[in-house]
Amino acid sequence: MESGTHQFEPHVSEVQLRISGTGLPELFEEAGYALAELMLGEAPLPQPSPESAVERVALVAADTEALLVDWLNELIARSDLTKRVYTDLVVDEFQERSLRAHVRGVSPLVLKTAVKAATFHGLELNEHDDGFTATVVLDV
Amino acid sequence: METLPEVPHQLEPLIRQIGPALYELGQGFREDMRVPARIVADSELLQQMVQDRSVPQLVNVTTLPGIQGFAIGMPDMHEGYGFPVGGVAGTALPDGVISPGGIGFDINCGVRLLATGLRHEDVKEVLPEVAHDLARSIPTGFGRHGRLSLAPEQMDRVLTEGVPYLVDELGLGGPEDVDYLEASGCLDGADTAKVSVRARERGHDQLGTLGGGNHFLEVQRVERVLDPEAAPALGLFEGQLTVLIHTGSRGLGHQVCTDAVRTMDRALAREGIRLVDRQLACAPLSSAEGQDYFAAMCAAANFAWANRQVLTHRVREVFRRWFGDRSAAWPRIVYDVAHNIAKLEPHGGQRLCVHRKGATRAFGPGHPELPAAYHQVGQPVFIPGSMGTASFVLVGKAAAEAISLSSACHGAGRRLSRAASKRQVVGSELRAALNRQGIAVECPSNAELAEEAPLAYKDVERVVDVVEAAGIARKVARLVPLAVLKG
Chain L
1 MESGTHQFEP HVSEVQLRIS GTGLPELFEE AGYALAELML GEAPLPQPSP ESAVERVALV
61 AADTEALLVD WLNELIARSD LTKRVYTDLV VDEFQERSLR AHVRGVSPLV LKTAVKAATF
121 HGLELNEHDD GFTATVVLDV
Chain F
1001 METLPEVPHQ LEPLIRQIGP ALYELGQGFR EDMRVPARIV ADSELLQQMV QDRSVPQLVN
1061 VTTLPGIQGF AIGMPDMHEG YGFPVGGVAG TALPDGVISP GGIGFDINCG VRLLATGLRH
1121 EDVKEVLPEV AHDLARSIPT GFGRHGRLSL APEQMDRVLT EGVPYLVDEL GLGGPEDVDY
1181 LEASGCLDGA DTAKVSVRAR ERGHDQLGTL GGGNHFLEVQ RVERVLDPEA APALGLFEGQ
1241 LTVLIHTGSR GLGHQVCTDA VRTMDRALAR EGIRLVDRQL ACAPLSSAEG QDYFAAMCAA
1301 ANFAWANRQV LTHRVREVFR RWFGDRSAAW PRIVYDVAHN IAKLEPHGGQ RLCVHRKGAT
1361 RAFGPGHPEL PAAYHQVGQP VFIPGSMGTA SFVLVGKAAA EAISLSSACH GAGRRLSRAA
1421 SKRQVVGSEL RAALNRQGIA VECPSNAELA EEAPLAYKDV ERVVDVVEAA GIARKVARLV
1481 PLAVLKG
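Sequence order for the protein chains is L and F. Each residue of the first sequence is one higher than the last, beginning at 1 in my numbering. Each residue of the second sequence is one higher than the last, beginning at 1001 in my numbering.
Treat the hints as calculated values from the structure; they're not laboratory data. Here the structure is a predicted model, which is why all the values come from computation and not from measurement. Heads up, the beta-carbon is just placed ideally off N, CA and C, and yes, glycines get one too. Check the hints yourself; a few may be wrong.
[What the hints assert, rightly or not] Heads up, simulated DMTMM-like pairs for lysine to aspartate or glutamate below, C-alpha to C-alpha not over 20 Å straight-line:
id, chain 1, residue 1, chain 2, residue 2
1, L, Lys83, F, Asp1227
2, F, Lys1475, F, Asp1227
3, F, Lys1422, L, Glu9
4, F, Lys1343, F, Glu1317
5, F, Lys1475, F, Asp1465
6, F, Lys1343, F, Asp1179
7, F, Lys1124, F, Glu1317
8, F, Lys1475, F, Asp1191
9, F, Lys1475, F, Glu1223
10, F, Lys1422, L, Glu37
11, L, Lys112, F, Glu1429
12, F, Lys1422, L, Glu96
13, F, Lys1124, F, Asp1459
14, L, Lys83, F, Glu1201
15, F, Lys1422, F, Glu1401
16, L, Lys112, F, Glu1442
17, F, Lys1343, F, Asp1191
18, L, Lys112, L, Glu9
[Unchecked claim] Selected chain F positions facing chain L (in silico; Cβ < 7 Å):
id, residue
19, Gly1082
20, Arg1266
21, Trp1322
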């Protein structure tokens, strides 16, 4: 069984992302992979070279939904700064309002979709018998 | 009290016409509305709007604390996040709220029109090469940084002084440029201390870059003058070569908004504000969070005007290479307007914080903020069409103040999602079709081209007609594309 899945849902001007995960760490990792797929326009995602830099991420938010928005915005901001797209993401520690992760990225020559930010609009995070699902709208 | 229908198009029978090209959804529609929701449209545009969630989003805007009069959607209104794209609302000072979601992540995304004295007929043979030179000179998309990398103290001055700093200290333009920019290219309220380190880092090498998405630079021809009185005042004539630049504050502005939404989201409970959409996170303008965001937003707006100024400088360099130093070849600024911004403006005897998200300011004749040359005709308003279609120059009318808080639309407005557009359009075929129309396209990605295809947008001619019919602005000139540079 896959630990996470995602799909891009219709939205007139932006991109609506629907993510599922067997647990919250898996859902957050999947959200990052979906962001990378959107930015690169390709799947499967290219893997970073073994010598690529490992970046550490630590976040604290008001609640779990806000943590998901912060996580995506952290990846978006880092991409803007480092010109990398993060295709290797591991959530090392996860609590209701905080996480620690390490990420590695690839350096594409062109980007398929420039993502400005993750938004709170229509933000949902729900628990089901078989895991979690979330919906996030990205400004592109 | 009616509940919001799940299917937005069920809203249509509840919306009544109250004026020429003006509709209203009354305050009684939803219990939490503080003012009515108004829409500038005709029946066809209204039908398109109710197919997405833009009207419910506009209703959400009417719930903001301190909102005055009405929330109003422009004829290009479509679904966004927080505010709809094309949404305008004014909140009363001092305690009405300011909402970053009412401005958007791309703070002071805007449009600048440059006009040369060149006639297209005289230069058309070399235009494809000029377009290619523009593409090489202007960084677009990901990983392309500008040639102007700012030292920290220079960044501070761009953020606080905007375009006048670039002109006076760095020689990027002439003093006359400043007169033809909204707010003279600088908002006074900027405070660099309110701009985060990360925002500054994201912006430090992005001045003079176009960015991706729907940002573009277009070389155009004035195909038709529609107002023989106003066009000469704006220096426009038929056959003239013009350049339209559409971009904003890049990563710096995105980060300013991200930071503010996060901060305000946490302060909502303390302020006793309950929201129907968390992306409408807001704070009273008089609060610390409101003041901090306004100061940072002003800084980001100044960065965006500076960005368009550096791009103007690059265009001028390219034109000088191809057409020499003669004055006719000099791309003069017609005007520069913001379309994602909050401004403090007097309206109806009150001082309001006017949020324009995907909407352009449209002051009528005689407004004190207009340059002397435009006092008789009103503020220029630019409504770009989609790629391959016409763009329009209009001038604001005094009546716009009462109708729309002196606001007009900012474009044609999306009709189809990017995915839907790609399903219907083959990028390579679109590129070939544009080339057959004589439009040079400088865009590396066929897929991205397909996402911005004309069929993904509303009919710009109809949108502009509605703006005029509503009494907001009047048409001055119709411009057609000759070359498109996309991020």
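Each hint tested on the structure:
no.	hint	result
1	L:Lys83 x F:Asp1227	47 Å, violated
2	F:Lys1475 x F:Asp1227	7 Å, holds
3	F:Lys1422 x L:Glu9	14 Å, holds
4	F:Lys1343 x F:Glu1317	33 Å, violated
5	F:Lys1475 x F:Asp1465	8 Å, holds
6	F:Lys1343 x F:Asp1179	18 Å, holds
7	F:Lys1124 x F:Glu1317	19 Å, holds
8	F:Lys1475 x F:Asp1191	38 Å, violated
9	F:Lys1475 x F:Glu1223	13 Å, holds
10	F:Lys1422 x L:Glu37	17 Å, holds
11	L:Lys112 x F:Glu1429	19 Å, holds
12	F:Lys1422 x L:Glu96	38 Å, violated
13	F:Lys1124 x F:Asp1459	27 Å, violated
14	L:Lys83 x F:Glu1201	13 Å, holds
15	F:Lys1422 x F:Glu1401	39 Å, violated
16	L:Lys112 x F:Glu1442	15 Å, holds
17	F:Lys1343 x F:Asp1191	16 Å, holds
18	L:Lys112 x L:Glu9	17 Å, holds
19	Gly1082	6 Å, holds
20	Arg1266	5 Å, holds
21	Trp1322	27 Å, violated
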